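Order-wise, the sequence lines are chains A and B. If you count the first sequence from 1, position 108 lands on 108 in my numbering, and the numbers rise without skipping. If you count the second sequence from 1, position 99 lands on 99 in my numbering, and the numbers rise without skipping.
Misleading hints may appear alongside valid ones.
Taking lysine-lysine and the BS3-like style, the derived pairs with C-alpha atoms no more than 27 Å apart in a straight line are [said to hold, decoys possible]:
#	chain 1	residue 1	chain 2	residue 2
1	A	K57	B	K49
2	B	K49	B	K68
3	B	K101	B	K68
4	B	K101	A	K57
5	A	K13	A	K57
6	B	K61	B	K49
Covered stretches of chain B (in silico footprint by chain A; criterion: 3 or more residues with CB under 8 Å from a CB of chain A, positions within the stretch not fixed) [claimed, not checked]:
#	region
7	38-52
8	103-112
It should be emphasised that the hints constitute simulated quantities derived from the structure, not laboratory data. Everything numeric in this text was worked out from a predicted model, so none of it was measured. Glycine included, every Cβ here is placed at the ideal spot set by N, Cα and C.
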Amino acid sequence: KAGVTQTPRYLIKTRGQQVTLSCSPISGHRSVSWYQQTPGQGLQFLFEYFSETQRNKGNFPGRFSGRQFSNSRSEMNVSTLELGDSALYLCASSSLRARATDTQYFGPGTRLTVL
Amino acid sequence: AQSVTQPDIHITVSEGASLELRCNYSYGATPYLFWYVQSPGQGLQLLLKYFSGDTLVQGIKGFEAEFKRSQSSFNLRKPSVHWSDAAEYFCAVGGLAGNEKLTFGTGTRLTIIP
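Could you build the full structure based on these sequences and the hints that come with them?
Printed below as a string of structure tokens:
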């Protein structure tokens, strides 16, 4: 079974631009979560989608948004990029077949550099 | 609020030596605990997880971890490390059913010397 895939793997943008990152979960997985990883702040939860609905959201400004499609693929968007948005963005999927014992499986990440 | 502390930022061990990485958590209910490993430039790979039952859990690559409720700890161990174990290791605590958010520790970077 293919793992979580994220595209693109690398992105370079300039301040003020916007960016869209894509995540395809493991086949059959319906929950997708996004995390931001930076050297200063570590791994921080952005949001989680299940059945096209955002169920949980971390403490990030409204410039960070996301959505999930009917095939469970997810995108996240960052508008008006700032230098501090440079990070590795990780996507994770889980099946939620057994909610109490589920596991998140991570993709390789998208490395975003803001100049 | 849930939190995870990994007190060791960087650990260096010799190849073949034993390893223990520390993790302490704060959580208001029965925690779901995880250890992930990250190689440079890569995503996170799950090593093992604890949900309930036996407090000693076995994972991949010869790793194990022990859940100690009285100490709020979930330390990762390996009896004999290999050069390929050099990576960053993250402990995480998960939420109740219905909350998929994982809270991660700051990570421990493991260096292996020959």
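Residues of the region 103-112 of chain B with Cβ under 8 Å from chain A, three needed, outcome: Coverage by chain A holds here, the residue count being 5 at a Cβ distance below 8 Å.
Verdict on chain A covering the region 38-52 of chain B, criterion of 3 CB contacts below 8 Å: holds (count 8)
Hint consistency between B/K101 and B/K68 [alpha-carbon to alpha-carbon, up to 27 Å]: Since the Cα atoms of B/K101 and B/K68 sit roughly 22 Å apart, the hinted pair holds (cutoff 27 Å).
27 Å Cα cutoff - pair B/K49, B/K68: holds (14 Å)
Distance restraint between B/K61 and B/K49, which requires alpha-carbon spacing of 27 Å or less: holds (14 Å)
Straight-line alpha-carbon gap A/K57 to B/K49, limit 27 Å: Holds, at about 23 Å.
Restraint check for B/K101 with A/K57, where alpha carbons must lie at most 27 Å apart: Given pair B/K101, A/K57 holds - Cα atoms ~9 Å apart, limit 27 Å.
Distance restraint between A/K13 and A/K57, which requires alpha-carbon spacing of 27 Å or less: holds (25 Å)
Against the hints set out earlier in the document, no violation occurs for any number.
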